[in-house]
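> For the record, the sequence lines run as chains G and L. Each residue of the first sequence is one higher than the last, beginning at 1 in full-length UniProt numbering. Each residue of the second sequence is one higher than the last, beginning at 1 in full-length UniProt numbering.
It should be emphasised that the hints constitute simulated quantities derived from the structure, not laboratory data. Please note: incorrect hints may appear among the correct ones.
Residues from chain L that face chain G, not an exhaustive set, calculated with beta carbons under 7 Å [unchecked claim]:
#1 Gly364
#2 Gly385
#3 Ala396
#4 Tyr412
#5 Asn525
#6 Asp659
#7 Arg660
#8 Gln810
Yeah, the Cβ is synthetic: ideal placement off N, Cα and C, and Gly gets one too.
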Amino acid sequence: MPCVGDWLNSPLSIVQGIFAQNVPNSDWEKKVTEYFKEKLKENNATNWVPSLNDVPVHYLKPNSLVKFRCMVQDMFDPEFYMGVYETVDPNTNARVLHFGKYRDVAECGPQQEIDLNSSQTVTSERQTFYCVPVPGESAWVKEISFLTEPVQARVSPSTSYTPSRHKRSYEEDEDMDLHPSKQKEQHTGKSCCSGGDIHGCVEPKRLETEASAGHHVISPNCSPPLDLNFPLPGEKGPACLVKVYESWESFKVNDVLEVFGVLSVDPVLSIVNSEERDSSTLDPMECMDTAEEQRVHSPPASLVPRIHVILAQKLQHINPLLPACLNEEESKTCEFVSNFMSELSPVRAELLGFLTHALLGDSLAAEYLILHLISTVYARRDVLPLGKFTVNLSGCPRNSAFTEHLYRLIQQLVPASYHLRMSIESMNHSRFIPHKDYAANRLVSGLLQLASSTSLVIDETQLEQGQLDTAGVHNVTALGNLITWQKVDYDFNYHQMEFPCNINVLITSEGRSLLPSDCQVHLQPQIIPPNMEEYMSSLLTAVLPSVLNKFRIYLSLLRLLDYSISDEVTKAVEEDFVEMRKNNPESVTADDLHKMLLVARFLSLSAGQTTLSRERWLRAKQLEALRKARLQQQQCVNGNEL
Amino acid sequence: MSSPASTPSRRRGKRGRGSNPPTRKCSQDARSPPSQKRRTDDSTSTGDLQPMPTSPPAGAQSPGAADALFSSPPQFRHSAIPLDFDISSPLTYGTPSSRVEGTPRSGVRGTPVRQRPDLGSVRKARQVDLHSDGLAEDIVATEQSLGQKLVIWGTDVNVASCKEKFQRFLQRFIDPLDKEDEDIGLDLNEPRYMQRLQEINMVGEPFLNVNCDHLRSFDENLYRQLICYPQEVIPTFDMAVNEIFFDRYPDSILEHQIQVRPYNALKTRNMRNLNPEDIDQLITISGMVIRSSQLIPEMQEAFFRCQVCAFTTRVEIDRGRIAEPSVCKNCNTTHSMALIHNRSMFSDKQMIKLQESPEDMPAGQTPHTVALFAHNDLVDKVQPGDRVNVTGIYRAVPIRVNPRVSSVKSVYKTHIDVIHYCKTDSKRLHGVDEETEQKRFTEERVEMLKELSKKTDIYERLALALAPSIYEHEDIKKGILLQLFGGSRKDFTHTGRGSFRAEINILLCGDPGTSKSQLLQYVYNLVPRGQYTSGKGSSAVGLTAYVMKDPETRQLVLQTGALVLSDNGICCIDEFDKMNESTRSVLHEVMEQQTLSIAKAGIICQLNARTSILAAANPIESQWNPKKTTIENIQLPHTLLSRFDLIFLMLDPRDEAYDRRLARHLVSLYYQSEEKMEEEYMDMAVLRDYIAYARSYVNPRLGEEAGQALIEAYVDMRKIGSGRGMVSAYPRQLESLIRLAEAHAKVRFSEKVETIDVEEAKRLHREALKQSATDPKTGIVDISILTTGMSATARKRKEELAQALRKLIQSKGKAPSLKYQQLLDDLRAQSDTAVTKEMFEEALRALADEDFLTVTGKTVRLL
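Please work from the sequences and hints to get the whole structure.
See the structure below:
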């Protein structure tokens, strides 16, 4: 590849160069980041950088530049390291300065020793984050983001390739869903072929990777497996210790980051472990860390690689179809947005049709589903999160695998999602709330540790009667809190810590859900297909991949738009509210107004309008009225509901 | 002044006794990495890795052993050992020789020195003559006169002047303004630390805690030195204290010499702010203990005996290792020396993990932890879960990858050597009746808060800032605001009345969907020690405390519930009406006595539960019935209701203007950006600080006028009813008024309750009453609805009916028994108002109580 040069393969030598030039003053650090920033700005340069999400670790060159898209799962204590140090040759007394940044081990030549008391030594501070791939990331996100990469010189055209990939992923998902117990083996077995699948090309090199990939995954099973602490069960992908050198205060737990940095898989790191274990009896410093803590904080580098971050940025979204950063200044993104806006209404109409079919012909429910999918918490007023729109889709047929298939469709549309099947057993036995393990000094993840704007689909149709134990009650309470306040109280044993989140919750249930929700929509199926599976999969194959991609852009883009209400419309809404109250004060409360305003907001946004118009307001009212009428009707049928 | 300069050589000799002095080239060993800004002089030493800097080289642990060691005269040692490159100073106090010279008085001689592993005295300090070149660091100045110019290598500390200054501090320091709890029994006009020394003499605990703040106000420079070079300065302090002490109390017998423990270094910081600059400095941080290790015996001195000739020798720990002598010096046998554990010396050590306190954490990040090493006495002083302020020296030590390979992991391990612990919540546990929320405010913050308090509309402003997303309900917000501030705590224990409740309890009742829960949630999020429970889900046990068996120790432990946990805070109870009877009964004690009595499984105790209760209740018929009284609407016992200072109704107003404003408010929520909202209202953090400051620093007392106003108000309240022959106010209402007035004074940061406070208290109280205690039948506010559960008019009507019935029966003549139905019909015919069956039965019951008649089944018999 032309002009890729050293900065990709051996970034440290570049750093060394800059360091050597500027050594007396300390601004070499700034120059390094500037250099790499410049390099990455060049056309598509970011695509040249291999990604840890895609390529197995052992296949990447140590000390090369890599990128990683991840979620911050835990933050370890900051560490002090030798930013600059000096080595001495005891024979010649020659002194050389080195930099310790972007390194785990202070290196020195065979004949040299490190002078720990040198006046040149600079101690600096860095912070370690424990990062995992974005939990619940949809298969299509990976597929698309790595297909566009020229680095692997892929030949297969995307269109012919995508459908087959879908099919494969379905089978895989299904297998996992049907036999949760088998998940472990499935995961080891399948991951290598899916790994190959992603790259989709038949280089001999690739084959070799697959074989070793299989090895790689199996090998940890021999020794006691290290829990990589993924929030969701059955996740795969590399976990990573990300070392951040600047402005780490700005990152928070559960933030989604893209980092560019130096990959460090120095085997010395693993030696450190064994050494330390042996000498622990001698060295009293070591007794301060339990074996458990050792294991977690310095796992073998082959399993959990280190990345020394040169550049890091928070991601607003992980949809590869959108420009990564939606700044208004950049003309490119502006163009992209305005282009898409121009064809917005046909996309919306098509999406509505698609979802109507998916919801068995219920267009009202489909309308609400769109509103739900573009909802996002845009602000918090004291404790009240604004913009959350939890929909309870009641009246789902129980026995046909309807909810299962509905989730598959949603998975195809949103970048990250998780399907939570509620059952007495799962509520009692799974861990929802992350908790702090003080023995290992880490935050043990739970199901509810999800990145912002993940879709959580809760399936209540499988829930049977039974008794919840203490853990189950806690879990249900946590779900309730998540829905009402958009926060999760992490358990720190001696106290609780509140972590705000932004998760779209969709509840499918037969009757009204036992969980709170902002709005209940009762499903009225127009058609009952005899074979649900066939019906649903044919629905998906009927959609062109390009159209599907439009849907994806539509849903991701619209939730990022701003919104306002003009004074004029405010007046009108006021009038309306007063009028409604006058007629029947019982029927319309402040809560209802809240709901209508929410619906109006998302209705306007879904049409690409960033201000509320009178028509939209009326339409929102109309929708709400329809929905309520349907609920009332349902109550009459059932008699005793609510 | 004793001669500090002449010591090094002797010390060196002492240390080398018995074994060959190791070829020790580098005197400073591996210390913590140099923080960038100091110690710039170049050192030629190669610097070896020091895995354990905390271990002291010389170990004089037990008094007996130390005594044995010191028996030989110092002079002899001096002459026996040649001068050595490795100089040190009297600062390595802790070794016997320095003791002998440093305090040449009789009292000191008898008192053994004790190692200070917390200071890590491995690192021997070198002195540098300020007037000579950098090379002069090796010069050992033996003349006394030179001592004045000497400073410890790498610092600007001059031992002699430092000692002198500290002695002056001890002898002269009088605290001008401070009033700490621990000062009880101290004469504030006498030098504070001299009294402390006297205490040490009496009690025999050889530790002197020194508040760095005092030192700072006394001598800024000395304080700076202490913070920057604690390792050098603290031993100097020790020396100074001991000189003074044994000068004063020559006959005093202590376990070992007094050690100085500074605390409250002003650099008190959040764990998050620790950075490489703090290495080797004295710091104070606060946090929560999350884990403590077992006791680790650390060998200070090894005892070896030759297997062949039984020759014995001692080897001191050197950089964390004991060098086993390979050859017996007596008989020259190789590999004959064996370690005798029983005669070796050990010191206690413990590793503790400290986690930053939840309040210090920025939102969305996980807490940091830091390792602490506690030594000797400080071992086992804290348990997991304790909140502590730790003063100690911050250390960083490099980690060697492999002893045989020269490459080093480029990361340092950090820890803090503990010098002083201060449990922040110990007082709370022991129930000292004093607000101990020691939240620290910076001076600018205090200024800002005070500035804010001067605004005339501060009360309204704060009320507005409270839960801005909830619309209107201004009086309710004001009530809650006063609750957040609370009244002043008064103690009448000496007069036998016990303490008066200072907390204000509030009940909100009203239609569902009027954002009661949201208000509760807001308050819960605002106060530091708040608890949120739902009446439906909580049991009496969950609210109070329960006894459980610890799975590990099989020991019974008391687990506290929500009410106890919110001691000094607010307990928010949602769905108060759904709470079952037995649970509610627990609240009776809590809401008036502010304690919880527990008698369970052999544990009988009384816990403090000085909590304000903010409860929300829904009406029994899901919609508030304006035709009924509060009691009837929410079905709560009046005994409980009367314990609430304020009861508010939150009703859906059904008024057009209100609807309009509400709509505008809600619509604005949906498009205003976050920044704009911030601007409009006071920041939640400011509000929180304002409240915290007022709660801990403002304690208003009733002024003369205010007292009069309160009396008038109370008399007025009593008068309202007296015209109609009923009691309309009780002492409880007076107490409520006082509390509210005090809280209002606190809002103004005023130390005195004035008439305006009373006025507002009266107004708020009246407002609340107007809502909750209005008799729906007469439209008159009637306090007895809340105190007795029945309005006075209702009671009067009941009595009238009973009298009418009696007359009716009497008019019937001598019939011994009457038919029930007959009587009811007659009464109905006679009465001009409607008589329900219930009313009739009540009247009958009243007459039965008077022994006028009895009711058996369907017949009424006269007696």
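> Given L:Gly385 as an interface hint, is its Cβ closer than 7 Å to any Cβ of chain G?
holds (5 Å)
> With a cut-off of 7 Å on the beta carbons, see whether L:Asn525 makes it to chain G.
holds (5 Å)
> Would the stated hint for L:Tyr412 survive a check requiring a Cβ distance to chain G of less than 7 Å?
holds (4 Å)
> Using 7 Å as the Cβ threshold, decide whether L:Ala396 counts as touching chain G.
For L:Ala396, the interface hint holds, since the closest Cβ of chain G sits about 5 Å away, which is under 7 Å.
> Is the hint on L:Asp659 kept, meaning its closest Cβ partner in chain G is under 7 Å away?
OK, holds: L:Asp659 within 7 Å of chain G, min 5 Å.
> Hold the hint about L:Gly364 up to the distance rule: shortest CB distance to chain G must be less than 7 Å.
holds (3 Å)
> Can we keep the L:Gln810 interface hint, with Cβ of chain G closer than 7 Å?
Where the cut-off is 7 Å and the nearest Cβ of chain G is about 51 Å from L:Gln810, the hint is violated.
> Using 7 Å as the Cβ threshold, decide whether L:Arg660 counts as touching chain G.
Holds. Min distance 5 Å.
Hint compliance for this structure: hint 8 alone is broken.
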